[in-house]
Amino acid sequence: MSYLKKVAIVGATGTIGQYIVREILKAQKHEVTAITRSASNTVMPEGVNVAKVDYDNQSTLVSALRGQDVLIITMASSAPKDIQIKLVEAAAEADVPYIIPNGWGLDATHPVSDDVFLGPPQRAVYKRIEELGKSAWINFVSGFWYEFSLVGSPNAYGFDIDNRSVTFYDDGTARINTSTWDQTGRAVANFLSLKEKPENGEDERLTISGFKNRNVFFSSFLVSQKDMFQSILRATGTKEEDWKITHEPSEQRYKSAVESFRQGNRDGFVRAMFTRMFYPEGSGNSAGAFEATNNLQNDLLNLPKEEFDELTKAAIENAEKFRRNYF
Numbered sequence: 001m002s003y004l005k006k007v008a009i010v011g012a013t014g015t016i017g018q019y020i021v022r023e024i025l026k027a028q029k030h031e032v033t034a035i036t037r038s039a040s041n042t043v044m045p046e047g048v049n050v051a052k053v054d055y056d057n058q059s060t061l062v063s064a065l066r067g068q069d070v071l072i073i074t075m076a077s078s079a080p081k082d083i084q085i086k087l088v089e090a091a092a093e094a095d096v097p098y099i100i101p102n103g104w105g106l107d108a109t110h111p112v113s114d115d116v117f118l119g120p121p122q123r124a125v126y127k128r129i130e131e132l133g134k135s136a137w138i139n140f141v142s143g144f145w146y147e148f149s150l151v152g153s154p155n156a157y158g159f160d161i162d163n164r165s166v167t168f169y170d171d172g173t174a175r176i177n178t179s180t181w182d183q184t185g186r187a188v189a190n191f192l193s194l195k196e197k198p199e200n201g202e203d204e205r206l207t208i209s210g211f212k213n214r215n216v217f218f219s220s221f222l223v224s225q226k227d228m229f230q231s232i233l234r235a236t237g238t239k240e241e242d243w244k245i246t247h248e249p250s251e252q253r254y255k256s257a258v259e260s261f262r263q264g265n266r267d268g269f270v271r272a273m274f275t276r277m278f279y280p281e282g283s284g285n286s287a288g289a290f291e292a293t294n295n296l297q298n299d300l301l302n303l304p305k306e307e308f309d310e311l312t313k314a315a316i317e318n319a320e321k322f323r324r325n326y327f
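Quick note: the sequence shown uses the working numbering, first residue 1, plus one each step.
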């Protein structure tokens, strides 16, 4: 019976990396190695090995990845653009069979990903992996991270919690899939605990190898802005009349955000990315509500059903930390 054993991860203590590492360690089925810069003094969780590398010296990357079964890449959007390709090329030289690239959240193979500027660079990573021919990529599509998006910035899900204001895109009823950090960590850990390959006529779709060069779709919730708003009201004990409510056409908001981004405003990028996913249902947009056209793997990954209001309340209580650390 074949299982993956050795997992290397870049960004082990980062925004999503910390949740992935925690769940992998909890499962006690894998040996985890954190790939870090040689100058880094970051303290890793107990049970995590450390391999220090120089991104300008490819041999150090190859050495760190030799013998690993999977490379997980989690990096901030501000990370140098060439690092992921360097990692991919080193993984190929080290014969690492699987790579989970830095494509968390969205489906880069969907046409809408081009509208939010994320598709082309991510597909370039997939293409390079396939060209090298030593590894397969597996991308995890979760939608936006719920906690991060609900309370971090009005440019995301439209809510300004502190000032009790919300901007609904169109009528606020378009639904999207969204996932928590915890659920993402569980999804990756449980996926890596699957058999690598089928045996005795088993269905390959139930194994890791069945997802070579494919997306893994999962989700915590399928909800609209209005669903989120009602949850916020319950969590805060407020009423609709306590809030300033405005509406903005999603297409108009998206176009103005794109123009703002092209003028160098990063907030424009965030606003464009989120707004585009909230285009009205039935408008040809299935990137935001991806479960309509793709099979969710929640059951295969043994993911629990989460309590919507509990997660909303926790996000609000930790809003300041999220803003400080991630926006």
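Derived by calculation from the structure, the hints in this document are not laboratory data.
Treat the numbers as computed from the prediction; the structure is a model and nothing was measured.
Hints may be right or wrong, so weigh each one.
Said to hold, decoys possible - Calculated lysine-lysine pairs in the BS3-like style (CA-CA distance at most 25 Å, straight line): (1) Lys6 / Lys305; (2) Lys52 / Lys5; (3) Lys212 / Lys5; (4) Lys195 / Lys305; (5) Lys5 / Lys197; (6) Lys86 / Lys127; (7) Lys226 / Lys197.
To be verified - Across the chosen pairs, the derived CB separations fall in these ranges: (8) Glu31 / Ser165: 46 to 56 Å; (9) Glu31 / Pro249: 49 to 59 Å; (10) Leu206 / Gln28: 19 to 29 Å; (11) Lys313 / Glu241: 47 to 57 Å; (12) Lys29 / Asp114: 31 to 41 Å; (13) Asp203 / Asp95: 20 to 30 Å; (14) Ala39 / Glu317: 17 to 27 Å; (15) Leu233 / Asp95: 50 to 60 Å; (16) Leu206 / Ala39: 16 to 26 Å.
Just so you know, even glycine gets a beta-carbon here, dropped at the ideal spot from N, CA and C.
Hint numbers not upheld by this structure, sorted from lowest to highest: 1, 7, 11, 14 and 16
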